[in-house]
Amino acid sequence: MKQNIQNRIDSIKALSTSMKFDSNNITINRTTEDSLSKSIRNKREADIFHNELISAIRRAKR
Amino acid sequence: MIKINFEDTIQPIYVKSDFTEFRFVSNLKDRTSIELQVHITKHPDEFLPEVYNLAFGPLGLNGQIDDSIRLHHVNKNKVFSTIILFAIIFLQENKDKAIGIDGSNDTRAYLYHRMFESNFEELSEFLITIGVDWYVKLLRSNDVERDVEGNPLFKPRPEPFDTERKSSNLYRYYIFSLNH
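Protein chains in written order, with the numbering used here: chain G, 6 to 67; chain B, 4 to 183.
Derived from the structure by calculation, the hints contain no laboratory data.
All values derive from a computational prediction rather than experimental measurement.
One thing to keep in mind: the hints can contain errors.
Which chain B residues stay away from chain G? Per the calculated CB distances, all over 12 Å, these [as the list claims (entries may be wrong)]:
no., residue
1, Met4
2, Lys6
3, Asn30
4, Leu31
5, Leu51
6, Asn80
7, Val82
8, Leu142
9, Asn145
10, Gly153
11, Ser170
12, Ser171
13, Arg175
14, Leu181
15, Asn182
Pairwise CB distance ranges, derived in the manner of DEER restraints [as the list claims (entries may be wrong)]:
no., chain 1, residue 1, chain 2, residue 2, range
16, G, Arg64, B, Glu128, 16 to 22 Å
17, B, Glu38, G, Arg46, 35 to 41 Å
18, G, Asn9, B, Tyr138, 24 to 30 Å
19, B, Thr35, G, Leu20, 22 to 28 Å
Below, computed lysine-lysine pairings styled on BS3-like, alpha-carbon distance capped at 27 Å [unchecked claim]:
no., chain 1, residue 1, chain 2, residue 2
20, G, Lys43, B, Lys169
21, B, Lys45, G, Lys43
22, B, Lys6, G, Lys7
23, G, Lys18, B, Lys98
Where is the CB? At the ideal position from N, CA and C, for every residue including glycine.
The whole structure should be built from the sequences, with the hints applied where relevant.
What follows is the structure, given as structure tokens:
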């Protein structure tokens, strides 16, 4: 089943190369803070969170 | 309950070349259709360069996605399967990144939690799901850890998504990354 889905993914990716000229191609930037950014106040806290996130991802893969 | 099936998704009408933007059309129960956009954007916090946000919904009059609107899709399973598939595409092209979802309100957060919980096996083939809660450290003095301004110091703690956790006990934030 996974290969069928990957084929579907690949076909969608291929669409991007056929849509080079899009007059509505507007870049939209989100500037709203979310709950995560409100609690990360400096680089040190961000590094701690990043390391804990990597650790959580590793544990999830087991 | 939303059932994810990546073999039944809606073909996009637009895919941005860097896979940060997708558009597709959903049929609604009132026999109209609506264009939905999926935007995957850098997290606004400069300290979190590896985290991206995902927003989806119709484009509002202000040019921003209206992610609080309530729509009655003919096939909501197909809509959410499509959105998650687009997220997978982005992550496959950006393997070192993660996508964070806050949920604009408890209703949306409940929706996400139930979706991840109910489709954990299907999603796990492609994604690692992480839940994040905020905790305050209790000190031996029986006070809590505080910041320089004297306020309780809340720290985000990520953990592997706990499928045993009831949806009445929502995580505060959800993150998913590629399972590779």
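Tested hints:
1. Non-interface call for Met4 (chain B) relative to chain G: holds, since the shortest CB-CB distance, roughly 21 Å, exceeds 12 Å.
2. The claim that Lys6 (chain B) is not at the interface with chain G holds, since no C-beta of that chain comes within 12 Å of its own (minimum 15 Å).
3. No Cβ of chain G approaches the Cβ of Asn30 (chain B) within 12 Å, the least distance being about 19 Å, so the stated non-interface status holds.
4. For Leu31 (chain B), the non-interface assignment is confirmed: its Cβ lies about 22 Å from the closest Cβ of chain G, beyond the 12 Å cut-off.
5. Separation of Leu51 (chain B) from chain G is inadequate, the least Cβ-Cβ distance of about 6 Å not exceeding the 12 Å criterion.
6. No Cβ of chain G approaches the Cβ of Asn80 (chain B) within 12 Å, the least distance being about 15 Å, so the stated non-interface status holds.
7. Taking the minimum C-beta to C-beta distance to chain G, about 15 Å, the non-interface status of Val82 (chain B) holds against the 12 Å cut.
8. With a least CB separation of 18 Å from chain G, Leu142 (chain B) remains clear of the 12 Å interface cut-off, as annotated.
9. Under the 12 Å C-beta cut-off, the non-interface status given to Asn145 (chain B) relative to chain G holds; the minimum distance is some 23 Å.
10. Distance to chain G confirms Gly153 (chain B) as a non-interface residue, since its nearest Cβ pair spans about 15 Å, more than 12 Å.
11. With a closest Cβ-Cβ approach of about 18 Å to chain G, Ser170 (chain B) is found to remain outside the 12 Å limit, as its non-interface label requires.
12. Against chain G, the non-interface label of Ser171 (chain B) holds: every CB pair exceeds 12 Å, the least being about 19 Å.
13. Listed as outside the interface, Arg175 (chain B) is inconsistent with that label: its C-beta sits roughly 6 Å from the nearest C-beta of chain G, within the 12 Å cut-off.
14. The non-interface label for Leu181 (chain B) is inconsistent with chain G: the shortest C-beta to C-beta separation is roughly 10 Å, within 12 Å.
15. Its beta-carbon lying about 7 Å from the closest one in chain G, Asn182 (chain B) breaks the requirement of being farther than 12 Å from that chain.
16. Arg64 (chain G) and Glu128 (chain B) have their C-beta atoms about 18 Å apart, which keeps the hinted 16 to 22 Å range intact.
17. The beta-carbon spacing between Glu38 (chain B) and Arg46 (chain G), approximately 38 Å, falls within the hinted interval of 35 to 41 Å.
18. Separated by about 42 Å at the C-beta atoms, Asn9 (chain G) and Tyr138 (chain B) break the suggested range of 24 to 30 Å.
19. Roughly 25 Å separates the CB atoms of Thr35 (chain B) and Leu20 (chain G), a value that falls within the hinted 22 to 28 Å.
20. About 26 Å separates the Cα atoms of Lys43 (chain G) and Lys169 (chain B), which keeps this hinted pair within 27 Å; it holds.
21. Restraint check for Lys45 (chain B) and Lys43 (chain G): satisfied, since their Cα atoms lie roughly 15 Å apart, inside the 27 Å limit.
22. Simply put, Lys6 (chain B) and Lys7 (chain G) have alpha-carbon atoms about 17 Å apart, close enough for the 27 Å limit, and the pair holds.
23. Among the hinted pairs, Lys18 (chain G) with Lys98 (chain B) is consistent with the structure: their alpha-carbon atoms are about 15 Å apart, no more than 27 Å.
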